[in-house]
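Asker: Counting from 3, one number per residue, gives the positions in the sequence shown under the numbering used here.
No wet-lab data here; the hints were simulated from the structure. Quantities reported herein were computed from a predicted structural model and do not represent experimental measurements. Please note that the accuracy of each hint is not assured.
Unchecked claim - Here are the simulated DSS-like pairs of lysine-lysine, each with C-alpha atoms no more than 27 Å apart in a straight line:
#	residue 1	residue 2
1	K234	K219
2	K110	K193
3	K234	K60
4	K122	K193
What the hints assert, rightly or not - Beta-carbon label-pair distances, calculated as ranges:
#	residue 1	residue 2	range
5	K117	P224	45 to 55 Å
6	E44	K190	22 to 32 Å
7	P224	R157	46 to 56 Å
8	K117	A54	33 to 43 Å
9	L53	K117	34 to 44 Å
10	D148	K127	18 to 28 Å
11	K127	E44	42 to 52 Å
12	D148	N67	26 to 36 Å
The beta-carbon is built from N, C-alpha and C at its ideal position, and this holds for glycine as well.
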Amino acid sequence: MKRLSLLLLSLLALNGAHADDVQVAVAANFTGPMQVIAPLFERDTGHKLVLAFGATGKFYAQIVNGAPFEVLLAADDETPARLVKEGHAQAGSPFTYAIGTLVLWSAKPGFVDQKGEVLKKADFKHLALANPKTAPYGAAALQTMDRLGVTANLRPRFVQGENIAQTQQFVSTEVAELGFVAYSQVIKNGKIGSGSGWVVPPGYHDPIRQDAAILAKGRDKPGAVALMAYLKGEKARVVIESFGYALPKP
Numbered sequence: 003m004k005r006l007s008l009l010l011l012s013l014l015a016l017n018g019a020h021a022d023d024v025q026v027a028v029a030a031n032f033t034g035p036m037q038v039i040a041p042l043f044e045r046d047t048g049h050k051l052v053l054a055f056g057a058t059g060k061f062y063a064q065i066v067n068g069a070p071f072e073v074l075l076a077a078d079d080e081t082p083a084r085l086v087k088e089g090h091a092q093a094g095s096p097f098t099y100a101i102g103t104l105v106l107w108s109a110k111p112g113f114v115d116q117k118g119e120v121l122k123k124a125d126f127k128h129l130a131l132a133n134p135k136t137a138p139y140g141a142a143a144l145q146t147m148d149r150l151g152v153t154a155n156l157r158p159r160f161v162q163g164e165n166i167a168q169t170q171q172f173v174s175t176e177v178a179e180l181g182f183v184a185y186s187q188v189i190k191n192g193k194i195g196s197g198s199g200w201v202v203p204p205g206y207h208d209p210i211r212q213d214a215a216i217l218a219k220g221r222d223k224p225g226a227v228a229l230m231a232y233l234k235g236e237k238a239r240v241v242i243e244s245f246g247y248a249l250p251k252p
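Whole structure, please, built from the sequences with the hints as guidance.
Answerer: Right, here's the structure in full:
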């Protein structure tokens, strides 16, 4: 028994000696799931995650300008592919870790109907959305309004967030009566937790395929490789689905 205990301690020490601190840039919409996944990952692998949350477009600019990020969890699939092409991410590493769901949401109960007809009635002063140029959920919001034929009428009422987190804040504090946010931000026990909302059907916009990639600074780093594998595993997938994301087929 004493020998077994010593062996276990030796293995733990060895694991600790090779543990990494991994710098991870995480799309703002994935804040909730990542805050759950991170401690599970750290407990199971011994590696530590240093997380930064923000807009994918801004992360791209920071990465190409030398930011120390080693892994990117993007809100789209175009940014990781572009980083690979430009030599800032490891070829072959990108994969889709989640498929996002867009919601038209209001902090006010009963304000948003189940078909999004409130957009056509336009009985509100402000509509929040993330910057379509830097945030894929903002681009999906614009596509949704284009499909409904309401963009031109509603554009003067836009309140634009730097990212989806700021957009959700605009709506939750009622700076805007309603806005397009990520389902992951408002879901609770499998449904919209407070206020009112319309889950936008996938066909209203391009799929929000969210890809992860190992960046050049994390190339062949054990902690970065371990995180990519963990995101594909069952524990992470259960968490991701619980926040309203769809998953790619294994």
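Asker: Could you run down the list of hints and mark each one as holding or not?
Answerer: For each hint, the structure was consulted:
1. K234 x K219: 21 Å, holds
2. K110 x K193: Holds - the C-alpha atoms of K193 and K110 are around 16 Å apart, at most 27 Å.
3. K234 x K60: 25 Å, holds
4. K122 x K193: Holds: K122 and K193 sit about 24 Å apart, inside 27 Å.
5. K117 x P224: 45 to 55 Å: Check passed, 49 Å falls within 45 to 55 Å.
6. E44 x K190: 22 to 32 Å: The hint (22 to 32 Å, Cβ to Cβ) holds, given that E44 and K190 are roughly 25 Å apart.
7. P224 x R157: 46 to 56 Å: 48 Å, holds
8. K117 x A54: 33 to 43 Å: 37 Å, holds
9. L53 x K117: 34 to 44 Å: 37 Å, holds
10. D148 x K127: 18 to 28 Å: 21 Å, holds
11. K127 x E44: 42 to 52 Å: 44 Å, holds
12. D148 x N67: 26 to 36 Å: 33 Å, holds
Comparing the model with each numbered hint stated earlier shows that all of them hold.
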